[in-house]
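Student: Sequence:
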Amino acid sequence: MNTKLNSRIIFTIPLVLYYIINCLFISKYSIRYEINPLISNILYFIFASLAIYFSPVIINVLEKRIKNSYIFISLSIVAGILVLQYSIDPYSLQVDRWSAIHNFIQNLFSGTYPYLAKTHLGGYGSPFPVWQALHIPFYWLGNISLAFVVVFGVLTYTLPLLLNSYKKAVLFMVLLLISPAFWYEVTVRSDLFYNFLLLMIICAYIIKEKLSISKYPIGLGVLCGLMLSTRLSVFAPLAITLFSGFIASTTKNKAIFLGITILSFILTFTPLLIWDWNSLLFFQHNPISLQTRQGSVFEVIILIALAIFFGSRKFKLIQTTFLYISISFCLFITVTFLHRMINSHFVNQLFSSSFDITYYNMALPFLMYFLAGNNFQPSKPEAAL
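Position 310 of the sequence shown, counted from 1, bears residue number 310 in the numbering used here, the numbering being contiguous throughout.
FYI, nobody ran anything at the bench for these hints, they're computed from the structure. Treat each hint with caution, since some may be false.
[Claimed, not checked] When the alpha-carbon atoms are kept at most 35 angstroms apart in a straight line, the in silico DSBU-like pairs for lysine-lysine are as follows:
{"#": "1", "residue 1": "Lys208", "residue 2": "Lys254"}
{"#": "2", "residue 1": "Lys252", "residue 2": "Lys215"}
{"#": "3", "residue 1": "Lys254", "residue 2": "Lys210"}
{"#": "4", "residue 1": "Lys210", "residue 2": "Lys67"}
{"#": "5", "residue 1": "Lys254", "residue 2": "Lys215"}
{"#": "6", "residue 1": "Lys64", "residue 2": "Lys208"}
{"#": "7", "residue 1": "Lys208", "residue 2": "Lys67"}
{"#": "8", "residue 1": "Lys208", "residue 2": "Lys252"}
{"#": "9", "residue 1": "Lys210", "residue 2": "Lys252"}
{"#": "10", "residue 1": "Lys210", "residue 2": "Lys64"}
{"#": "11", "residue 1": "Lys118", "residue 2": "Lys28"}
When you get a sec, could you build the whole thing from the sequences and use the hints?
Tutor: Here it is, written out as structure tokens:
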């Protein structure tokens with residue numbers, strides 16, 4: 001295939017996925033508020049395309065003030081997050097990811113078993129212990145969703161370093177700024193997006209600093225174990241990031257890494273096991289069952305196969321890794337949704353309560369990093385592709 005054509009195809013895939021994910025949210029809420037979804041999506045497509053096309057041009061004009069521009073856009077996004085958080089009563093929201101964490105911590109400090117806590121909508125929380133623990137300082141501040149601001153602050157600091165460019169960092173922020181899916185996550189105080197934003201930073205750092213299992217089996221094992229104790233779905237990005245290095249390492253280091261990962265993961269649950277192992281393991285709505293209910297064994301096998309397939313390919317660039325991660329997530333979620341639709345004989349449509357399209361947001365940080373890292377332009381494709 002022609003190299004120029006190949007690079008354009010490689011660039012187009014994440015761009016199309018970015019549009020599709022955001023258009024899903026526009027469609028769902030246009031229908032809900034009786035607005036023509038076709039018109040809404042066309043208007044968004046025009047607006048987003050203009051922003052993506054002209055951003056590099058404007059950035060080149062502002063080159064001497066690019067750092068100040070980056071800071072200004074970042075602070076504007078923080079202001080937007082805070083305004084939305086404090087202008088909407090969280091108990092009026094029909095999304096309970098925030099209260100799954102808040103009520104867990106509330107139970108913890110009141111001496112009641114945390115995983116028996118119900119959300120404000122009557123459901124049960126699924127985040128694992130490490131993710132819950134990280135929100136304790138924000139619970140004390142009266143708003144666990146302030147964690148969003150802190151993770152965004154970490155992103156703002158690290159992004160220019162990871163991308164080696166304030167220009168590319170600005171492009172990433174532009175993609176955030178024009179993303180309805182991102183602002184949806186902010187509005188409903190969901191922790192899903194910033195969980196994967198943090199994971200993206202960690203994966204980028206691992207690749208940039210060339211942290212391999214051959215050199216750091218213990219450190220990476222602890223890191224992976226702790227990250228798995230946020231959500232099980234972090235497995236795919238970590239596997240794709242580390243798998244080729246895992247295969248290249250010695251049998252001893254493989255065993256150390258896997259052992260430390262499993263041990264670290266289990267240790268995060270140990271206090272809760274000691275407290276009430278029956279409620280953790282055999283309660284109908286325990287966090288493990290809640291996190292695995294979205295996919296069947298067949299779909300989990302597909303995700304593992306995708307992680308191994310993409311992870312086994314030899315590549316060095318962060319952008320390439322993140323492209324593979326994005327495609328894996330989108331394929332897995334789409335297959336899962338299609339499977340459930342077929343099983344229900346298409347009674348449950350995509351925008352019904354049976355499907356949570358926010359899961360596509362797990363891919364968004366990686367898609368945006370790829371697009372920004374390539375300056376919104378097709379570039380020479382890496383040989384590993």
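Student: For every hint, state whether the structure bears it out.
Tutor: Okay, the hints, checked on the actual structure:
1. Lys208 to Lys254: holds (21 angstroms)
2. Lys252 to Lys215: holds (12 angstroms)
3. Lys254 to Lys210: holds (17 angstroms)
4. Lys210 to Lys67: holds (27 angstroms)
5. Lys254 to Lys215: holds (11 angstroms)
6. Lys64 to Lys208: OK: Lys64 and Lys208 at ~26 angstroms, within 35 angstroms.
7. Lys208 to Lys67: holds (22 angstroms)
8. Lys208 to Lys252: holds (25 angstroms)
9. Lys210 to Lys252: The hint holds at about 20 angstroms.
10. Lys210 to Lys64: Given that 35 angstroms is the threshold and the Cα spacing comes to 31 angstroms, the pair holds.
11. Lys118 to Lys28: Between Lys118 and Lys28 the Cα gap is close to 27 angstroms, so the pair holds against 35 angstroms.
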